[in-house]
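Protein chains: 2
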Amino acid sequence: MSQYCFGVDVGGTSVKLGLFDKEGTMLDKWEVKTRTTESGTHILPDAAASILAKMKEKSLSKEDILGVGVGVPGPVDGAGCVSTAVNLGWSFMNVKATMEELLGMHVEAGNDANVAALGEMWRGGGQGHKNLVAVTLGTGVGGGIIINGHILTGINGSAGEIGHVHVEDAETEVCCCGNKGCLEQFSSATGIVRLAKRTMEATQKATILSTEQLSAKSVFDAVKAGDEVAIEIAEQFGAYLGKALAVVAGVIDPEIFVIGGGVSKAGEVILTYIKKYYIPNVFVGSRNAIFALATLGNDAGIYGAARMVLE
Amino acid sequence: MSQYCFGVDVGGTSVKLGLFDKEGTMLDKWEVKTRTTESGTHILPDAAASILAKMKEKSLSKEDILGVGVGVPGPVDGAGCVSTAVNLGWSFMNVKATMEELLGMHVEAGNDANVAALGEMWRGGGQGHKNLVAVTLGTGVGGGIIINGHILTGINGSAGEIGHVHVEDAETEVCCCGNKGCLEQFSSATGIVRLAKRTMEATQKATILSTEQLSAKSVFDAVKAGDEVAIEIAEQFGAYLGKALAVVAGVIDPEIFVIGGGVSKAGEVILTYIKKYYIPNVFVGSRNAIFALATLGNDAGIYGAARMVLE
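Respectively, the protein sequence lines represent chains B and W.
Throughout, the working numbering is defined as the position within the first sequence, counted from one, plus 544.
Throughout, the working numbering is defined as the position within the second sequence, counted from one, plus 544.
No wet-lab data here; the hints were simulated from the structure.
Model, not experiment: these values are computed from the prediction.
Treat the hints with care, since some could be wrong.
Stated by the list, open to error - 25 Å max Cα-Cα, derived DSS-like pairs, lysine-lysine:
hint	chain 1	residue 1	chain 2	residue 2
1	W	Lys820	B	Lys724
2	W	Lys724	B	Lys820
3	W	Lys819	B	Lys724
4	B	Lys674	W	Lys724
5	B	Lys819	W	Lys674
Claimed, not checked - Label pairs and their calculated CB-CB ranges:
hint	chain 1	residue 1	chain 2	residue 2	range
6	W	Gln671	B	Asp765	36 to 42 Å
7	W	Lys761	B	Gly722	34 to 40 Å
8	W	Ala714	B	Thr755	29 to 35 Å
9	B	Glu712	W	Glu601	40 to 46 Å
10	B	Glu712	W	Ser558	40 to 46 Å
Note that CB positions come from ideal geometry on N, CA and C, so glycine has one too.
Turn these sequences into a full structure, and let the hints guide you.
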């Protein structure tokens, strides 16, 4: 009667956990604090203890559980090892083996952005599709690629690092990754604010935007109000992101792009500006790719982590 | 005693065929003319008849043959169907089913560029690697992507269309695909000639290059001779291609790039100019990807086609 699975999404502040049935219905979710002290050595034992406590609470035995999936913020190789996860204090961690020893159950591990993509495929904006690119527009730009229903990891665990594809030769500021001109510098929440400041400095046009209260939300609210300067910023955002996703399509030819993260809360208007630049720049074969908004929000990680053990 | 396989590479002028053992040793190769008359309806029957004749010549029975792989110049879906192959006169062709009926043997079909990538993985410049991007710099720029030893097809058969990723907003000429600013317009043999003409028109510097006899070969010969104008052209070629491959790496994170086609006959100098622009623009995780020259030349297609039936 093994019918349940757990999804664990390890973040720098909290560890999110979810209990699912194998059809993908979330039965419970909760969080524990991420203890990054002592090189993060408590993080996985804390998560494991929390899972075992939940099983006791629900009267579940190990035989009821298909497995535990874990998403972590760092590159994960095919064996479930993380080479480095700065936010957690880890230099190297065999997530799969450590959790399997702690729990005595089947464990799979993956990169958090990739796992979130799998979650959106399973129960989110990408339902019904097996070839998907998920793009998370938050503080940075995250990406996850699903091919035939499986996460594309890449040989170094760096596949889907869409936020760090080079899109602008003229950029002089350095990205967090050390390069210059990365997509993340233009199409993340912080990137949109950067674009807004530059655009407002360079224009004489009147705008309802205020340099003191700039955010991705304020920019897209102003776009919806018809503000010319905000529209100019949205065009730049769309041009960088739409053209970059056109290149992604030229490489992997997906069925669907699922756009999530804080920026996507602006809604369909985001997709309009992306598609405006995607369509004329993409290879004809991929012109009809679907663009959809993510629907799982911060739960995408626990959904996708749980889904990993069902593959 | 099924130990052999055939590889068939259908081109617009000739159909190349090869007989291989399952370890990838080529035992024989030959060609037949491509009859594009009558909507190309003779092409597959001619190829099938040629295979059956070769089996008779070699005293091979159907039981000796593991299968027949066929590469065709068009997008091929997962069922082995081509939606369109202009060079062959085909609008739709179920290559796999047609050949299986003609031969009574197992058949697989794939896009020619993807199949050539598989050939380079099996017995060419990518031997020993299972995650590979093959780039063919010929009249156009072809691409093929191998993930975990298998061709990445894409949902429309358009994965690996690296020649048509957008790299230049300022381009005014239209690419054969209908878009403007495709990689192929700058890094193919014809693209290099275009770059050379533009560079020579814009410079006052002396050069050994002659506008009457421009080719990718003459440009790279002049680079090797230290010609300043030729070096400027090579820098532009390398910048477009190196940055585009850095984006490809950000998407799929391969082990190795295998560079082939006529332009690659210039040798290692090609790789030097590509890597010069790849390294500073790629996400750090993929910085150590290997760059190698293709080694199978025009035989890559028959090698890869044969390899398809061994998967």
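Structure-based check of each hint:
{"no.": "1", "hint": "Lys820(W) x Lys724(B)", "verdict": "holds (15 Å)"}
{"no.": "2", "hint": "Lys724(W) x Lys820(B)", "verdict": "holds (15 Å)"}
{"no.": "3", "hint": "Lys819(W) x Lys724(B)", "verdict": "holds (17 Å)"}
{"no.": "4", "hint": "Lys674(B) x Lys724(W)", "verdict": "violated (31 Å)"}
{"no.": "5", "hint": "Lys819(B) x Lys674(W)", "verdict": "violated (34 Å)"}
{"no.": "6", "hint": "Gln671(W) x Asp765(B): 36 to 42 Å", "verdict": "violated (56 Å)"}
{"no.": "7", "hint": "Lys761(W) x Gly722(B): 34 to 40 Å", "verdict": "holds (37 Å)"}
{"no.": "8", "hint": "Ala714(W) x Thr755(B): 29 to 35 Å", "verdict": "holds (31 Å)"}
{"no.": "9", "hint": "Glu712(B) x Glu601(W): 40 to 46 Å", "verdict": "violated (60 Å)"}
{"no.": "10", "hint": "Glu712(B) x Ser558(W): 40 to 46 Å", "verdict": "holds (45 Å)"}
Violation of the numbered hints given earlier is confined to hints 4, 5, 6, 9; the remaining hints are satisfied by the structure.
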